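Undergrad: We have chain A already, so just place chain B on it with the hints.
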Amino acid sequence: MIRLLGPRTLERLAALDVGVRRAAGGGRPGERSSGVAGVGTIFREHRTYSPGDDLRYVDWNAYGRLGALYVKVFEMEENLDVHLLVDATASMGEGPGSKLAAGLRAAAMVGAVALGRGDVVRLGLLPGRASTAFAGSTATGNLLEALRAAKATARTPISEAIRAAFPRIRRRGFALLVTDFLDEPAAWRRAIDYLCHMRVELTCLHVVSPLERNPGDAGALRLTDVETGAEIDLEVDEDLLVRYRQRFEKRLREVRAYLGSKGVRHVLLDTAHSTEPELLRQLLRAGVLR
Amino acid sequence: MTFERPEAWWLAALAVPIVVLHLHLRRRRRVEVSSLELWRGLVPDRAGRGGLRQVRDALALAMLLAALVALTASAAGPVTGAAASEPRRLAIVVDRSVTMNTRMPDGQRRIDRAVALAVAAVRRLGPKDELTVWSATSTPFVAVEPTTGRPGARELAALLDPTLEPSGVALATRLAIRAAPGVAKRPATVLVLTDPIGAATLTASSPAEVGVEVGVIDADRVPANASIIALDIDLDDPARALVRVAVTDGAPSARSVVLSRGTAELARAVLTFDADRRATAAMPLGAAASAGGLVEVRLEPSDDFSEDDSARMMLPVVKALAVAVVAESPSPFLVEALRAMPGVVDPARTTLVAPGAPASAFDGIDVVVADGAAEPAGRPALVFGGGARVVEQPLLWGVGSHPVLMGVDLSPLRIESAALVDPAPGETTIVSSAAGAVGVAGERGGVRRVVLGFRPDASTLPLEAAFPLLVRNAVRWLGTRPEAPRFVVAGEPASGADGAVVPYPAPGGPYALLRLSGAGTTVRWTPPREFRLSPLKAIAGPSAQGIVASLPDRSDDVDSRVRHAPRLAALGAALLVLGALLLGKRRAAATAAPPSTGTVWATSTREAERSTLP
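Chains as they are written, first to last, in the numbering used here: chain A, 216 to 505; chain B, 111 to 724.
The shape of chain A in the complex, shown without the other chains (with noise of 0.2 Å):
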């Protein structure tokens, strides 16, 4: 079982929030600001008096001042559903160290502060069923306990996974999607088409692993893909390795330029650097979580 957060490193998120760039859109009440004028506790303007105005509005003080009626308007405050879909496919690995921990513990970290938030966690790891909604502070051991369960499993186009798991998003949110791209472009960059078009505010964990990115030399190889079991036959050397690590940086540019394309944050994450205190640290830089 992967440990995906530890006390001190919850401690630490319980001050934290989740860097929305936009207002919440959850329905329920809750701490964030909605944009919407309504019954809260953040002041937005004052408005001239209309007749039929609620008479606990108005602000006695400038009456006072100016001799004019006034009543102060504010803001409708509601929570937000924050999406967690986390790729569980085989090629994302298993067992501490794997793409698939890194991943989780990152989601575990944004779902834990929007739970501490008030928000409304809906975790879905691909492929899988529906996902599942965890409210309030005290889910975040459920949630944790959900994402410790994970397992990979065998190969489901990404799209399509996001398809099933989240079919239809009613309210606009914050979504998280923890992938390492590695599916057949158009699969991933429909996924994001469908994620952008329900209107969430989505941010994409690019998760790599060093050994990925800049493999050594293997000399005669068989490959055996993960998730499909295709295999090829290699003689991989040190030009053939070169020509690898050129394909794979530029799947990265590929995939950072499509996002911003779409105005999706992409925020690049090295399994070499997944511990908690460099998760945390790369997520406060990438600005997921503030």
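Derived from the structure by calculation, the hints contain no laboratory data. Source: prediction; values computed, not measured. Any given hint could be a false lead.
[Said to hold, decoys possible] Calculated cross-link-like contacts (lysine to aspartate or glutamate; reagent style EDC-like; alpha-carbon spacing at most 20 Å):
no., chain 1, residue 1, chain 2, residue 2
1, A, Lys465, B, Glu147
2, A, Lys477, A, Asp408
3, B, Lys238, B, Glu319
4, B, Lys429, B, Asp473
5, A, Lys366, B, Glu142
6, B, Lys238, B, Asp666
TA: For chain B alone, kept in the frame of chain A given last:
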């Protein structure tokens, strides 16, 4: 090509695990990757098929197998050429006895031929063979200790010089056979080089591991030889020498004897052999009879064995002695006896001296005869009537073989009384009775003395023929210097030398003059009885040359083996290094980190998690 350790070829079985290991390593390693999507399209047209790798692997396997073959062959010890056979031992017994001095028709002596054949036999030895040379004389000994060295002809000739000793070849052969195998019990051959006389003494018995080869020299002929078997003064006429000659081998031939003194020929006689193949010649000594000196008799012409063709003897110097008789009234028999030996006693210088006369009365006197009176001191004296305690009518007998008693028989002697004489130090008893010594002779204080305990007139001695002999012997013994024998015979005890055996002279001399009793004499080699140079019955069998020629020639029996193990080991090591280099390159490639899904490096990650949070 042969192999010293053929069992090492079992090491070649290591090829099986090597091939199995090679096939095991040659297969591709399976590596799981997250996705093949990035790898597809990177595969080159040909390089990815591993052609170079296959060639490299095959080359590495071939080198390893070749290295294994080379190292295995090296361990098996390949050898070309032939090994030397097992070293043998050769014991050469060379007969050095007297008969080996016989000259053969080519002028060589038998011993010379034996040495030459021994040298030839030595040359046929292998480099590792051991050689022993036995000297077969009357007392055999090892002339050359067991050695792998090879004595040369000169060295052997010096060690095996001829002698006049009797043959000891039988004993030497037995000793050589017993010692031939040595401690290592090696196969051995005993080569006996002897003449027919020595061969006749050999018995054919030897252990199985020792081969005995008897090379008989000069076996196919009968040499001619006549020996001087005796030479001495004629007892009937001391002025003559008697020479006896016997034909030992071959038919009698016309021979002469020549008597000479120094370079002067004294006499010559032609020999006439009788039916016993013997001849005797009486040859006048002339002046040499009294003047003394060394005379030599020589057979002419010489024959095949020259050592017995000459004989020598030392003649004594003969002179008449001046005798003084000390007596109140000397026995007339004594006086007559002195007068009757002109060759011994000079009558003109014989005097009668009264008892108690001064010492000057004995000037020029050689011997004093005291008859019932005291003899003067410091003079050789024959004393009658000496002694103290008187024995009545004793029976007397002579003791020993003292020169004084030579030819004297005392048994018929009748005597009224005699005095017992106690021998002083240096004196011996020559006449004894039941009561004790009656006559002594000896030397005391450098002066000889003969004391008899009775007077001639008191006995029947003057009436016996022995009386003048006794007087003559006594006067001669007293008046002359200690006389050396005319000759001594080599190999026999010398009289007056405490029984010491006279050593054999070298063949051909010098016949050293021995100092016996203060005088010199000559050594004579006398042929023993039945002396022959060839046996009566001819010896059958191959000649000595044939025997030596039949010995295996092992001189080129050297170890010509060339061992190829070091070179093969070096080749194997080089191939092993090359193969290891190729394998090492492949191994480095195989052990490098493969493409991974990133699941194998968790440990460091877990450790880092314990660090402090930011």
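Undergrad: Work down the list of hints and note, for each, if the structure agrees.
TA: Results for each hint:
1. A:Lys465 x B:Glu147: holds (13 Å)
2. A:Lys477 x A:Asp408: holds (8 Å)
3. B:Lys238 x B:Glu319: Holds, at roughly 18 Å.
4. B:Lys429 x B:Asp473: Holds, because 18 Å separates the two Cα atoms, which is no more than 20 Å.
5. A:Lys366 x B:Glu142: Roughly 17 Å between the alpha carbons, so the hint for Lys366 (chain A) and Glu142 (chain B) holds.
6. B:Lys238 x B:Asp666: Given that 20 Å is the threshold and the Cα spacing comes to 11 Å, the pair holds.
Violated hints for the displayed structure: none, as all numbered hints are satisfied.
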